Every structure is written in structure tokens, then in C-alpha cells.
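S.K.: Chain by chain, the residues run as shown.
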Amino acid sequence: MTLREINSKMVEATVVPGQRLFSQRGAMLAYKGEVSFTPNIQGGQGGLMSMIGRRVAGEATPLMTVEGSGTVFFGHGGHHVQVINLSGDTLYVEADRLLAFEGTLQQGTMFMGSQGGVMGMVRGQVTGQGLFTTTLKGHGAVAVMAHGGVFEVPITPQRPVHVDPQAYVAHHGDVRNKLSTALGWRDMVGRGSGEAFQLELSGNGAVYVQASEEKL
Amino acid sequence: MNAGTKFRPLWQIVRGWRGGGVRTRLRRYLHTVAMFRLQGSKVLAVDMTGDAVKAKNGSMVAYDGQMAFKKLTGGGEGLRGMVTRRLTGEQMTVMEVRGQGTCWFADRASEINLVRLQGEKLFVESSNLLATDGGLRTGTTFTGLRGASQGNGLFTTTVEGHGQAAILSDGPAVVLRVAPQYPLIVDPGAYVAHQGNVRQSFQSGVTFRTLLGEGGGEAFQIRFEGDGLVYVQPSERNTIAGDV
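Protein chains in written order, with our numbering: chain A, -2 to 213; chain B, 593 to 836.
In short, the hints are calculated from the structure, not lab data. Possibly wrong hints are sitting among the right ones.
[To be verified] With the Cβ distance kept under 8 Å, some of the chain A side facing chain B (calculated, not the full set):
1. H144
2. G146
3. F148
4. P154
5. R156
6. P157
7. V158
8. D161
9. A164
10. V206
11. A208
12. S209
13. E210
14. L213
Quick caveat: nothing in here was measured; it's all calculated off a predicted structure. Glycine included, each C-beta is placed from N, C-alpha and C at the ideal position.
Produce the entire structure from the sequences given, and follow the hints as far as they go.
M.R.: See the structure below:
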């Protein structure tokens, strides 16, 4: 395991020669050993086309490549950090929530409309994710930032999970999500319960929820 | 109180309307008490089996199973409660959550404290109340000068009955015991809630130094006497008292 939580707001990454690590630019707090940080103009992996794709999608957060041998500490803005270990499945997360991830993971951009067409696009707008979201696929660890603590809710085929769109952080696994509305006449007359829109996740996997309705 | 699927003899229902004791026993008999538990210190998980809880509007972060959310106008205290809350400014937007499964609540990453009530009264600011068991009654009371010093107005919310309540605090709250021999003095800005048979009075340490602008910043305090518990947060709200 390369990434390790040392407290709720800091992660420690072990860097060994030959293994790259990507992190949000400026998120390094301290390091030991011989480590180099190179700004990644492309904003992640892939070729030129991936870079253009990310720029167009607005999912281009400034990243840097961390190489060498030693230990690096990451943290950003006092946000809570959660390390998620992936073993072959895909993690869906907003690019600005990414603190650091291993180079073994494959980074990509997903169009929200590809999951559920127009409703998928509407969902992206409601959750504040925009029209695109970042995917990370493969084996490795990811450090994700959230406001307040993060807790994991498992999703099984029998038990779909509903999440407040503002408290949603990330999800992984074979999960279908759709926006469910519980709009009634009460909401129309301004007497709503404040839970009109919910993100319904069903399938097999897990969703990460933060203890707050605030964005980063 | 919620009717379960079980058969209930009529005499038991009628007896349940009266005292708190019978009412609690009846509820236990029907097994419809929601289970409150903390997941970490900032998330409240409530396991429900067809019963209801009252929670702050919009504080749900996730749920599984079947849940229905309904806003309760006037804090679910009927027409009288609604009018009282309007007049006193102690407004509370509450929703009723009813269903089967687990529901998670959180509010702006504030710390959550669980309080178990057995017939006594809990006094809490409406903004600090996250969720209460469906069987608990809420209301408003006059607090006098103390309320004004906290910067929260002259009225406060009361929670009464048998069951659990979750209160919010800025940072982990400490529970301090008040005994007849040991009165407790609290900074108005750090006070969160109190329960039990407690009398409170307002005390001021205003001297000629305060008037000269050389005060220690602790000009006003609340004094608690009697027998009960006081919840204090490690942070101070902005109050008039904090400036002098």
C-alpha cells in the first residue's frame, strides 16, 4: 500500500523508483528522501488527446508527477482525506476532490450523458459534478478529499442507497445511478422537506458520503 | 406514537394516552423505537422499522431502504406550536422521516451528541437540535435574559418524553454535572444544552474596568444550580457578552 492515512487530514505516500504518483499541484506538505515534483501540463495520464478531452470537459485540475524515492506527506485546505483502495474496479470522482493517486491507475473522463442520456446530464448539474466526471480504473490507492468525515455505504442489488447530491463524494464498483425526485406539491409552495432530489445508486459496490452538505 | 402491524388491545391504547410510563411500555411492546447510533462523531445513523423520527430540514445525507420525507410546519406541534414559534422567533424547520431501513444525518460537519431522555426535559437551541425520536414532544419556553446573552433570542426549545435526541455542537461537547453543592457557571457563547432539574440565573461580572473598556471578555455568565447535566462546546458563539 503506497498511500496511508496518518491522521484524518493527512496522507503519507511512499515513493519508490520506477513507480509514479500523481497529486494535486501544491498539495505536498513535507517530504523525506530524494523526491522530485514535476508539474504535469497534461493534467494526468494519457496522450495529447486525453489532455484536450480534459480541458474541454473542465476536468483538468493541475496535477504534478511525484517521482524518486522517499516519503511524501499530502494534505490540502484542512479537508478530511479518505484513502480508497481499488482492486480492478472503477472509481467515479470529481477531479477537484482528488488529492493523490497511484500511477498504476488508469485515468479517464466520463460524459455524464453516457449514463442515462439527458437525465444523466441533469443529474450532473444537480450534483454539481458538471457534464463530465473523472474515472480511475485498475489496481492501486486513491486519496480523496471531503468536507467533514467520510463514511462508506455498501450497495447491494437488494438494497439500493439514496444519497443527498450535495453530500455525495465518490462511488466505485458496478453501480448504476439515477436522479430520483420526490417533488410534491409541498415543494412547489415552498414547504419542502429539503430532500427533493436524491441520487439513487443501485448495483454492486460502495458509495462514499461526507458528513456535510458543503462543497469543497 | 405509531401503530405497528401487531394487534393492540384497546385498553392498552387508551392507557397509552395518559402517563409517560405506560406510553413508554406500550412503545417498547410494539418495538417501534428508532435506534440512534453515531457513526464517527459527525454522522448520525438511525435504524428504523416503520416508525418516524423528526430531523432538521435537509440534514439527510444518505439512506437505504424505503424512506418518506415530509416537512412539519411549525415543528410538528400543531397550530398552537406554530403560532408560538412564529411569535417567539424560535423557528425550527423540521421534517418527519418515516420508513424502513437506515437513514444517515449530518449537518455541516458539526459534532453530534446523543442524549437519552427518560421523562426529563432537555433545553436546547433550535439551531442545535439535529434529530429527535418520533415519540418525543418539542415545545418552546421563555429563557429571559440568559437567552439574550447567548445571542439566540429570549426563547429556547424544549424536548420532553422518553427516547433519544441528537444535538449539534461546534467541536466535541463536554457534559458537565450540576449537583446541589456544586453549581456550574458557563460562558453564554459556549452553552449548548442542558437537562434535568436545573435552575438557571444570569450573573454579570461587570465592574468599573469593563466600563472603561478594560474588561476580561467574561462579563456575563450563566449560573446553573440544582441537579442535572449541562452540555458545553469548545467554541464560543458571537455574543454581546464576548465583546466586553
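S.K.: Go through the numbered hints given earlier and state which of them the structure violates, listing their numbers in rising order.
M.R.: 4, 14
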